[in-house]
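> Let the hints inform the model, and build the full structure from the sequences given.
There are 2 protein chains.
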Amino acid sequence: MAVRNVNTTLPNFTGQHVNPDLAIERQNPSFNVERLTNILDGGVENTQTRRRVDAWLQSDPEFSRENQYFQTQNETYAAAVRQSFHLAKKRNEMKWAEDGPEMACCYRALGPVLALNSHPIFLKCILDLGTDEQIAKWVPMAEKCYIVGAYAQTELGHGTHLRGLETTATFDVATQEFILNTPTLSAMKWWPADLGRTSTHAAVFAQLYLEGKCYGIHPFLVQIRSLRDHSPAPGVIVGDIGPKMNCDNVDNGFLMLKNVRVPRENMLAKYFQVLPDGQYKKQGAEKITYLPMTVTRVHILQHEVVPNLMKACTIAIRYSAVRRQSELKPGDPEAKILDYQTQQQKLLPQLATAYAFHFVCNYLKEIFDGDYIETKEGKCGLVPELHALISGIKAIATDNSSSGVEVCRKACGGHGYSLLSGLPSLYTKMVASCTYEGENTVLLLQTARFLIKYFGIAKKGQPVPPTVAYLSSKRFGKCQAQEKNDFLNPDVYTDAYQQRAFRMLQSAAIKFQSLIHLGTAEHEAWNRCSVQLVWAAMAHSHYIVVEQFVKVLQRYEEEVAIHRILKHLCDLFALHGMLLNMGDFMQDGYLSTKQTAMVTESYLDLLPVIRRDAVPLVDAFDFSDGNLNSALGSYDGRVYERLYEWAKNHTDEVFWQVEEFI
Amino acid sequence: MAVRNVNTTLPNFTGQHVNPDLAIERQNPSFNVERLTNILDGGVENTQTRRRVDAWLQSDPEFSRENQYFQTQNETYAAAVRQSFHLAKKRNEMKWAEDGPEMACCYRALGPVLALNSHPIFLKCILDLGTDEQIAKWVPMAEKCYIVGAYAQTELGHGTHLRGLETTATFDVATQEFILNTPTLSAMKWWPADLGRTSTHAAVFAQLYLEGKCYGIHPFLVQIRSLRDHSPAPGVIVGDIGPKMNCDNVDNGFLMLKNVRVPRENMLAKYFQVLPDGQYKKQGAEKITYLPMTVTRVHILQHEVVPNLMKACTIAIRYSAVRRQSELKPGDPEAKILDYQTQQQKLLPQLATAYAFHFVCNYLKEIFDGDYIETKEGKCGLVPELHALISGIKAIATDNSSSGVEVCRKACGGHGYSLLSGLPSLYTKMVASCTYEGENTVLLLQTARFLIKYFGIAKKGQPVPPTVAYLSSKRFGKCQAQEKNDFLNPDVYTDAYQQRAFRMLQSAAIKFQSLIHLGTAEHEAWNRCSVQLVWAAMAHSHYIVVEQFVKVLQRYEEEVAIHRILKHLCDLFALHGMLLNMGDFMQDGYLSTKQTAMVTESYLDLLPVIRRDAVPLVDAFDFSDGNLNSALGSYDGRVYERLYEWAKNHTDEVFWQVEEFI
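Sequence order for the protein chains is A and P. Numbering-wise (my numbering), the first sequence opens with residue 1 and increments by one. Numbering-wise (my numbering), the second sequence opens with residue 1 and increments by one.
Misleading hints may appear alongside valid ones.
As the list claims (entries may be wrong) - In silico SDA-like cross-links for lysine to any residue, where the CA-CA straight-line distance does not exceed 20 angstroms:
#  : chain 1 : residue 1 : chain 2 : residue 2
1  : P       : 478       : A       : 592
2  : P       : 594       : A       : 513
3  : A       : 329       : P       : 522
4  : P       : 511       : A       : 284
5  : P       : 511       : A       : 579
6  : P       : 484       : A       : 510
7  : P       : 329       : A       : 160
8  : A       : 648       : P       : 235
9  : P       : 329       : A       : 446
10 : P       : 648       : A       : 234
11 : A       : 594       : P       : 475
12 : P       : 329       : A       : 522
13 : A       : 648       : P       : 73
14 : P       : 336       : A       : 528
15 : P       : 365       : P       : 553
16 : P       : 329       : A       : 528
17 : A       : 336       : P       : 445
As the list claims (entries may be wrong) - Stretch-level coverage of chain P by chain A, calculated; a stretch enters the list once three of its residues show a Cβ under 8 angstroms from a Cβ in chain A:
#  : segment
18 : 25-39
19 : 137-149
20 : 158-171
21 : 206-216
22 : 583-591
Calculated directly from the structure, the hints in this document are not laboratory data. Glycine residues also receive a C-beta, built at the ideal position from the N, C-alpha and C atoms.
Pasting the structure below:
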């Protein structure tokens with residue numbers, strides 16, 4: 001920083017106290033904040049564990065995120081690798097399970113800054129698809145990070161459509177080796193994490209060729225770099241794919257293979273094997289491949305997407321209680337921006353959405369955990385339903401959460417555009433989740449395919465799975481609400497969401513059938529209905545989220561204050577969704593014009609009610625300042641002081657670098 | 001890059017030809033692409049000028065954007081300064097006017113990478129607010145960049161609400177100087193461009209104090225850095241505010257002033273003067289201050305916001321004609337993603353929106369140019385109407401264009417997340433326009449205030465300005481459409497948009513009035529209606545955009561092919577807006593359920609029609625590859641080759657830096 005002859009004493013907020021504008025917001029919460037935190041954590045013990053682990057993370061200088069927003073790509077990458085190894089060491093010391101509550105807390109706190117994201121998937125891939133011998137050989141080396149693996153599936157020209165992958169593995173009987181090639185430019189592996197500079201090995205997915213015949217995609221373990229000096233192996237071209245919108249911590253790379261040979265034993269062979277004479281052999285039951293994907297999707301929602309929306313709400317709502325702008329009443333001091341109806345209408349629906357998606361994740365995890373065990377025992381009946389359910393919810397949750405973060409960011413005005421607010425990086429990071437682990441439109445069409453199937457089955461009067469039970473229900477009439485408060489009745493709005501989902505699916509199904517009857521080929525009819533099918537899948541998933549939020553309310557009926565505030569949020573979430581999609585709800589006069597006005601009024605009435613508890617409601621998420629890493633969102637509300645301190649601490653350095661340049 | 005023992009010949013697209021998947025899209029456009037380019041440019045001559053200037057820019061290595069996505073913040077800043085001075089030199093050589101067509105082309109091509117954005121505003125501030133003596137003293141120095149000025153208005157704690165600014169300027173009669181102070185932390189100037197490291201002077205806006213009495217905000221010219229060694233002047237703390245979501249080229253800074261003295265002559269004194277004895281004196285007519293702001297807003301829309309949406313459409317549509325994924329028809333080769341209805345539904349409305357906003361900008365500029373001259377002659381009658389009109393359109397255009405860019409980006413899947421696609425930086429840059437030059441919600445409420453006023457006037461049967469003439473018109477009945485093709489009648493949808501705007505304004509006005517009648521204080525009633533007022537202002541502005549697009553169609557009725565394609569786009573824009581806001585259009589049964597189904601069908605029918613011309617329609621925007629700077633969007637469609645080349649060319653360097661680090 002450039003300073004001269006100046007007394008730099010700061011006149012504002014020089015004490016270590018909480019900004020009084022924020023302190024006053026915490027004086028009379030309508031509910032017990034600690035109790036709500038415990039509910040969100042799933043119990044008092046979980047809260048305690050989380051705080052203990054977070055306190056450790058925050059006290060360890062190795063995990064400081066102080067420089068996060070000032071780093072170059074290389075610095076971010078190097079810090080990510082360092083922190084990941086440091087965390088792995090701690091995990092081993094403490095014997096924390098990879099999927100235990102302590103690690104969940106670490107990912108909640110450090111998710112955006114860790115490296116080695118692909119390595120655990122590489123490991124799991126061997127465990128799931130390898131034989132006992134293969135597991136015994138590779139897993140110990142990988143677990144101790146003697147080797148680092150990448151999961152090399154996606155190619156430059158191929159993402160979602162796995163059958164289209166072009167990489168080949170041709171068996172050479174003479175040498176008992178597979179010869180791997182990326183025969184075209186578009187066959188090059190592109191995007192895999194940990195690949196660009198880090199990994200020594202890769203699980204390469206390639207088309208298996210035996211005597212000129214293609215047997216489809218199989219996984220091969222390939223050493224891509226020397227364990228001695230990290231130089232690329234013969235026949236390997238590997239490197240970084242270049243800068244991205246965010247995720248500098250993730251080492252996305254490319255990989256070309258030119259006649260790279262690996263021994264026959266390097267094809268993961270739990271289910272499929274190539275015998276020494278070049279024969280192809282299936283063994284055991286084929287794996288249900290999309291179950292692990294659904295696990296991953298729920299994991300991403302719970303540990304990344306929903307917490308990020310919660311963080312954004314925390315930052316924006318605390319800031320809005322501190323930031324003052326313009327006069328609400330002429331002659332008064334400038335008003336807190338949180339007191340403007342327009343600001344409440346931006347932020348409070350995002351807050352309600354964060355709660356709604358949090359609870360729906362719990363629901364997914366619950367049915368999933370039960371189902372998973374059954375599946376392992378071979379009872380796979382629920383898998384298609386689960387897949388359809390989770391695909392749809394993954395799509396709307398990532399979509400609404402990322403756009404919600406951006407609403408929060410913009411609601412912070414100019415300062416929301418500064419990286420120091422923490423908001424831009426939340427957005428640019430999480431918006432990737434709309435694309436990875438299943439592109440959202442593709443996922444919604446998979447949900448739609450399930451819905452169309454059971455729409456037909458329900459029409460025939462045959463039984464359908466529980467999540468689509470409403471497809472068998474009575475025809476829907478008109479909404480029965482008489483006055484605006486009727487829209488605060490969960491039965492009223494759940495029914496509205498149900499009929500909307502039903503109606504949208506029905507209209508897509510009718511169109512699809514009539515195209516078929518007119519002689520349109522099925523694939524063509526499907527494509528011509530696909531926009532409406534996507535809408536129907538969204539409406540269905542939206543209904544599930546509302547329904548599950550209502551079910552959560554029932555659990556807390558005994559706790560008056562908690563029940564009341566959660567019901568406000570549930571009501572707001574439901575009514576906001578109705579406002580945004582009012583046309584759907586008005587079809588066939590289900591809602592009248594008069595009723596739409598009631599929805600609007602009920603919704604607007606809720607805003608000042610929730611506004612009173614807005615700060616306690618984000619405090620209940622219980623993010624430490626270190627978790628948020630935001631100059632706008634810290635617990636003490638000392639926004640301006642922090643913005644200045646952070647900028648000042650770095651401007652010195654920057655200034656002199658530029659001087660040298662000039 | 002790490003290469004070893006490998007033949008790096010690339011098997012795909014090795015010729016210099018256009019990718020055949022893209023070439024075929026250009027074979028049979030339904031219209032003359034060059035003619036449409038000329039229309040967009042406003043004439044053949046403008047196209048020629050633009051191409052001449054762009055060819056010069058592309059041929060000058062100083063303007064190469066090759067490294068843009070790989071630079072650190074400092075490198076970006078340094079390059080921006082260098083390029084800006086290089087451009088200024090060229091402009092002086094060629095005698096290009098700052099607001100002439102050549103410079104417009106330069107900004108279209110280089111906008112995102114130039115520095116010195118505040119300096120011209122500093123200059124204009126002196127020209128607009130300075131006396132003849134002040135202009136004679138300061139302008140020549142500033143024009144030759146002997147001094148570089150920042151426009152220092154926004155403070156850490158104060159944005160939109162200028163009256164709230166805290167910086168003070170107290171006159172000292174004894175020394176004939178103003179003493180400038182930023183008395184609190186929140187008073188510090190924060191965000192001004194060119195301030196952090198570049199400028200030598202600043203136009204500082206401060207509360208003028210004379211003998212203890214405050215006279216409101218006035219502009220003062222303050223030297224903040226030495227002209228000898230660029231060190232900060234006595235009493236000045238100045239530095240960089242830190243990293244932002246984008247805009248590394250813009251040198252946003254902070255500035256604290258501690259008893260900084262400037263001579264009496266440094267207050268810009270065209271309209272207000274402080275006499276040597278400390279008396280305050282008004283002179284001349286007070287300036288209408290929001291006219292320059294509206295000029296700036298139109299300029300931003302025309303030269304930044306709309307071109308960025310056009311660029312995003314160009315990139316995403318060309319890529320979608322090249323990218324193949326999954327089978328549309330079983331057994332066929334993988335299909336172009338542009339052939340999926342869901343992809344068309346994402347991209348084509350954005351394309352139509354780009355055309356719609358382009359034409360509405362022309363309209364604004366036309367009425368504005370006419371009106372501006374009148375205003376200078378003192379005929380200010382139209383200014384409030386213009387201000388309301390432009391505020392509303394600025395808000396919806398920046399909002400829809402930035403979200404449209406993000407739709408385009410996501411529609412490119414994983415590769416859209418790579419900076420090399422060019423899409424992330426388009427978004428992260430332009431989304432700032434929702435906040436700067438008038439935060440969108442604030443602007444929409446200003447439009448709403450104008451609308452409410454004239455709604456009352458129209459109700460009394462008194463005359464209203466042309467843009468709100470519909471407020472005086474007949475009551476609206478029901479939509480008369482009988483079949484889906486009726487919705488391709490511009491009269492039908494223009495009427496629909498008009499009645500929607502009327503109805504939404506009416507319902508906000510009725511609510512406001514009834515609150516007042518119930519005894520609610522006006523400011524409180526306004527706040528409680530503000531969400532609905534914002535909606536009404538958006539509906540009004542949306543109507544204007546549709547109406548103006550329809551008027552453009554009338555101009556080209558003689559040119560059948562051009563008229564046809566523009567009408568398709570206009571129809572799509574109008575119907576897409578209806579789909580997104582269907583509930584508004586169904587109020588009081590204006591549209592029946594049957595008619596909403598017709599709207600949906602008409603809309604979906606348009607997608608494959610426009611899809612046939614999608615590539616020619618973006619080619620007509622005529623961006624050079626250098627303008628786009630996108631691996632996905634280049635004219636030749638050699639997407640994969642370019643992604644690899646760009647990554648490869650930089651991975652070498654990165655790789656070895658990391659090696660050194662480890």
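> Now tell me, hint by hint, if it's right for this structure.
Do the hints match the structure? See the list:
Restraint check for residue 478 (chain P) and residue 592 (chain A): the C-alpha separation of about 15 angstroms stays at or below 20 angstroms, so the hint holds. This hinted pair checks out: residue 594 (chain P) and residue 513 (chain A) have alpha carbons roughly 19 angstroms apart, not beyond 20 angstroms. Note on residue 329 (chain A) and residue 522 (chain P): the hinted pairing holds, with a Cα-Cα distance of about 9 angstroms set against a maximum of 20 angstroms. Straight-line distance between C-alpha atoms of residue 511 (chain P) and residue 284 (chain A) comes to about 70 angstroms, which puts the hinted pair past the 20 angstroms bound.
Taking the CA atoms of residue 511 (chain P) and residue 579 (chain A), the gap is near 18 angstroms; set against the 20 angstroms cutoff, the hint holds. Annotation: proposed proximity of residue 484 (chain P) to residue 510 (chain A) holds, straight-line Cα distance about 18 angstroms (limit 20 angstroms). Under the criterion of a C-alpha separation no larger than 20 angstroms, the hint pairing residue 329 (chain P) with residue 160 (chain A) is consistent with the structure, at around 17 angstroms. Of the pairs offered as hints, the one joining residue 648 (chain A) and residue 235 (chain P) holds, with about 16 angstroms between alpha carbons and a cut-off of 20 angstroms not exceeded.
Simply put, residue 329 (chain P) and residue 446 (chain A) have alpha-carbon atoms about 17 angstroms apart, close enough for the 20 angstroms limit, and the pair holds. In summary, the hint linking residue 648 (chain P) to residue 234 (chain A) is supported, as the alpha carbons are separated by about 18 angstroms, within the 20 angstroms threshold. With a C-alpha separation of about 19 angstroms, the suggested pair residue 594 (chain A) and residue 475 (chain P) falls inside the 20 angstroms cut-off, and the hint holds. Among the hinted pairs, residue 329 (chain P) with residue 522 (chain A) is consistent with the structure: their alpha-carbon atoms are about 9 angstroms apart, no more than 20 angstroms.
For a cut-off of 20 angstroms, the pair hint linking residue 648 (chain A) to residue 73 (chain P) stands: about 16 angstroms separates their Cα positions. Distance check on the hinted pair: residue 336 (chain P) and residue 528 (chain A) sit about 15 angstroms apart at the alpha-carbon level, within 20 angstroms; holds. For the given pair, residue 365 (chain P) sits about 18 angstroms from residue 553 (chain P) by alpha-carbon distance, which is consistent with the 20 angstroms threshold. Distance restraint check for residue 329 (chain P) and residue 528 (chain A): the Cα-Cα separation of roughly 13 angstroms lies within the 20 angstroms cut-off, and the hinted pair is therefore satisfied.
Taken as a hint, the residue 336 (chain A) and residue 445 (chain P) pair is honoured in the structure, with Cα atoms around 18 angstroms apart against an allowance of 20 angstroms. Interface restraint, the segment 25-39 of chain P with chain A: violated (0 residues with C-beta to C-beta distance below 8 angstroms; minimum three). Here the segment 137-149 of chain P counts 0 residues with a CB under 8 angstroms from a CB of chain A, which misses the bar of 3, and the coverage is violated. Counting residues of the segment 158-171 of chain P whose beta-carbon sits less than 8 angstroms from any beta-carbon of chain A gives 5, enough to reach three: the coverage restraint holds.
Note: the segment 206-216 of chain P has 0 residues with beta-carbon separation from chain A under 8 angstroms; the three-residue rule is not met and the coverage is violated. Given a C-beta distance limit of less than 8 angstroms, the hint that chain A covers the segment 583-591 of chain P holds, as 7 residues qualify and 3 suffice.
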